[in-house]
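Peer 1: Protein chains in written order, with my numbering: chain F, 1 to 332; chain B, 1 to 332.
Any given hint could be a false lead.
The list treats identical chains as one, so a pair stands whether inside a single copy or across any two.
[Stated by the list, open to error] DSBU-like, lysine-lysine: derived pairs with alpha carbons at most 30 Å apart:
1. Lys61 x Lys6
2. Lys61 x Lys233
3. Lys233 x Lys153
4. Lys307 x Lys61
5. Lys61 x Lys153
For the record, the hints were derived by calculation from the structure and aren't laboratory data.
For reference, the chains in residue letters:
There are 2 protein chains.
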Amino acid sequence: MPVTLKDVAERAGVSRSAVSRTFTDGASVSTTMRRKVEKAARELGYSPNALASSLTTGRTKLIGLVSNNFLNPIFLQVFDLFTRGLQDRGLRPLLVNLSNETDPENSVRMLRQYSVDGVVVASSTLPSDFAMAFRDAGVPVVHAFGRYSSSPKVHVVGIDNREAGRLAARTLVERDYRDIAFLGGPEIATSTQDRFAGFMSELAAHPKIRVSHSFALAYSFDAGRQEMLRLLKAGPAQAYFCGDDVLSIGALSAIADSGYSCPADIGIIGLNDMEMARWENINLTTIHQPIEQIVTSSIELMLALLKDPDRHPEARIYSCPVVERGTLRAPA
Amino acid sequence: MPVTLKDVAERAGVSRSAVSRTFTDGASVSTTMRRKVEKAARELGYSPNALASSLTTGRTKLIGLVSNNFLNPIFLQVFDLFTRGLQDRGLRPLLVNLSNETDPENSVRMLRQYSVDGVVVASSTLPSDFAMAFRDAGVPVVHAFGRYSSSPKVHVVGIDNREAGRLAARTLVERDYRDIAFLGGPEIATSTQDRFAGFMSELAAHPKIRVSHSFALAYSFDAGRQEMLRLLKAGPAQAYFCGDDVLSIGALSAIADSGYSCPADIGIIGLNDMEMARWENINLTTIHQPIEQIVTSSIELMLALLKDPDRHPEARIYSCPVVERGTLRAPA
DNA sequence: CCAGTATTTGCAACCGGTTGCAATTCGCGT
DNA sequence: ACGCGAATTGCAACCGGTTGCAAATACTGG
Numbered sequence: 001m002p003v004t005l006k007d008v009a010e011r012a013g014v015s016r017s018a019v020s021r022t023f024t025d026g027a028s029v030s031t032t033m034r035r036k037v038e039k040a041a042r043e044l045g046y047s048p049n050a051l052a053s054s055l056t057t058g059r060t061k062l063i064g065l066v067s068n069n070f071l072n073p074i075f076l077q078v079f080d081l082f083t084r085g086l087q088d089r090g091l092r093p094l095l096v097n098l099s100n101e102t103d104p105e106n107s108v109r110m111l112r113q114y115s116v117d118g119v120v121v122a123s124s125t126l127p128s129d130f131a132m133a134f135r136d137a138g139v140p141v142v143h144a145f146g147r148y149s150s151s152p153k154v155h156v157v158g159i160d161n162r163e164a165g166r167l168a169a170r171t172l173v174e175r176d177y178r179d180i181a182f183l184g185g186p187e188i189a190t191s192t193q194d195r196f197a198g199f200m201s202e203l204a205a206h207p208k209i210r211v212s213h214s215f216a217l218a219y220s221f222d223a224g225r226q227e228m229l230r231l232l233k234a235g236p237a238q239a240y241f242c243g244d245d246v247l248s249i250g251a252l253s254a255i256a257d258s259g260y261s262c263p264a265d266i267g268i269i270g271l272n273d274m275e276m277a278r279w280e281n282i283n284l285t286t287i288h289q290p291i292e293q294i295v296t297s298s299i300e301l302m303l304a305l306l307k308d309p310d311r312h313p314e315a316r317i318y319s320c321p322v323v324e325r326g327t328l329r330a331p332a
Numbered sequence: 001m002p003v004t005l006k007d008v009a010e011r012a013g014v015s016r017s018a019v020s021r022t023f024t025d026g027a028s029v030s031t032t033m034r035r036k037v038e039k040a041a042r043e044l045g046y047s048p049n050a051l052a053s054s055l056t057t058g059r060t061k062l063i064g065l066v067s068n069n070f071l072n073p074i075f076l077q078v079f080d081l082f083t084r085g086l087q088d089r090g091l092r093p094l095l096v097n098l099s100n101e102t103d104p105e106n107s108v109r110m111l112r113q114y115s116v117d118g119v120v121v122a123s124s125t126l127p128s129d130f131a132m133a134f135r136d137a138g139v140p141v142v143h144a145f146g147r148y149s150s151s152p153k154v155h156v157v158g159i160d161n162r163e164a165g166r167l168a169a170r171t172l173v174e175r176d177y178r179d180i181a182f183l184g185g186p187e188i189a190t191s192t193q194d195r196f197a198g199f200m201s202e203l204a205a206h207p208k209i210r211v212s213h214s215f216a217l218a219y220s221f222d223a224g225r226q227e228m229l230r231l232l233k234a235g236p237a238q239a240y241f242c243g244d245d246v247l248s249i250g251a252l253s254a255i256a257d258s259g260y261s262c263p264a265d266i267g268i269i270g271l272n273d274m275e276m277a278r279w280e281n282i283n284l285t286t287i288h289q290p291i292e293q294i295v296t297s298s299i300e301l302m303l304a305l306l307k308d309p310d311r312h313p314e315a316r317i318y319s320c321p322v323v324e325r326g327t328l329r330a331p332a
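Using the sequences and the hints, build the whole thing.
Peer 2: Structure representation (structure tokens):
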């Protein structure tokens, strides 16, 4: 049923190589030949089989897009930007959902079976083992939203989560909160670990300020709400740095339900600045994560990596401004 | 670098066919042989090249997942469920973002180049031409969230948007609203057209009720907010059926900002029941779209279609209950 | 018009697998 | 130990392309 190279060759009365060459740019074909072949191809509705050609060229133009955060609203933008950016450059995203997968091996095997040219791991919670497993399998890999390190083992694009933690702490201190807390995401998420570490390190310089911390079970509305309900019962702090925006919104809903008011009684600062954070009914003060830059940069890095797979691992880190909205009181 | 069938065959001292057979189930291999081959394969770290095999078998297990709604929060669940569901069945989603694509031909060509086994179009706004273009190219296709028809031209899974429009109208009437309106999504979206038609047809039976309508430019927060601001200035109705949840939330924010209150002054009912609708700070009364059923059913239908591509087109329609929350006053 | 070089074309082998067919080996009954 | 059918194995062709190489053709200047 599908029309192949051979069909076109026969119809045009030329060799198969000739047809192949008119469809690969940079090959030597005369204009006469090209016209003949294109005519035949058009008449037959031929388009070359990308997979078959990948066999000899060794490139599929397939890029594995691996994540485990499918339910976090931040990923709307991430997926939109990745899919658009990749296909604008002639690459195709092959999606892998890791939601309940712990072993990198399976994904590595699967993506190698489909001989992807490269893999983008998009997750702030996966340990770097995941990305390294791909690297070790010889597949170019970029870890977007990955853990920052001064001597990265794989290519990383994202933010410095420790710095973000420090920034959150500074922001709360500036606003004269004296009893503050970290409400983290799951403790195994590298982003939570780093944000926590940064938060604490900044506060080490302020011994007068009371600091506490706890962790929610997931980066989700329900987990944030539940943890905040618990904290409210036990006696809440004056302000919280929440692990991310969804968590913050869960916390906000708990606060409202318990008869407290934000920011009058309790302040909240989130992280991500996802679309919903600016919705007036939410209006969350938060640290902006430059999604677009991160995605664009990841794609560019991937492109460079496809050209030169042995590039030395590199960390591309973008800075995060605080976005002032309505869940923190004004600076002193 | 990558290890192939031949390498394994040589190491195990057997023919290439033998190796191939131990990796395709249903083939005749003795236990001795299988063990030998598996040992060699393990030692070499071999895993078969899915794309190469697709050349002869004619199946890639690749499924094109095509959409243009990447920024609508409802798609978090849609993508999560699709990717999980497909990969649980050994299929791989190849993502296509149609956001600024109007011509089906490009996508058809591209997906044929990658010889996908089937295509799922997931969109409530695309006209059915899109799905039909795939069908015409001989690719099994399911249109999830597509337009309902009693004699569908392609396989459709979703809701009956006209019925949803009628349900919305009934719900508003029951609550004794006498001046009501439809605030639709983009007028070219089939879902908006159908919801509008249903809404109006139900109200035809209530000549006493005042009805008006207008359309936002997109299914988005900003479009909803902007259109509602305009309506508020011109003199609003008592209650609105909004095209979908994001639109509703934009409208809510406009209402709050203009000093009105919901549901005291103006009632809102949305459609979709996306995750955020239940967030307490939003608490949107809405019509529930059974995402999980739709996705699961689409996948099952696709599986059936892969077995029997000539199956007669079928529409699978699921019903939508109203979810009572806080943006509509109580029934009379 | 011719030699000499530069382009264009086709042949055939190959990419990494699968599969029909015939040859071989196996298991079993006697 | 022998004969038989069933199960296993290898050969070789094929899937839809690409590409090195050599043959054929097209240009160039003298």
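Peer 1: All hints are to be evaluated individually against the structure, with a verdict given for each.
Peer 2: Now for the hints, and whether the structure bears them out:
no. : hint            : in the structure
1   : Lys61 x Lys6    : both (24 Å within a copy, 25 Å between copies)
2   : Lys61 x Lys233  : neither (54 Å within a copy, 52 Å between copies)
3   : Lys233 x Lys153 : neither (44 Å within a copy, 58 Å between copies)
4   : Lys307 x Lys61  : both (12 Å within a copy, 28 Å between copies)
5   : Lys61 x Lys153  : within (24 Å within a copy, 33 Å between copies)
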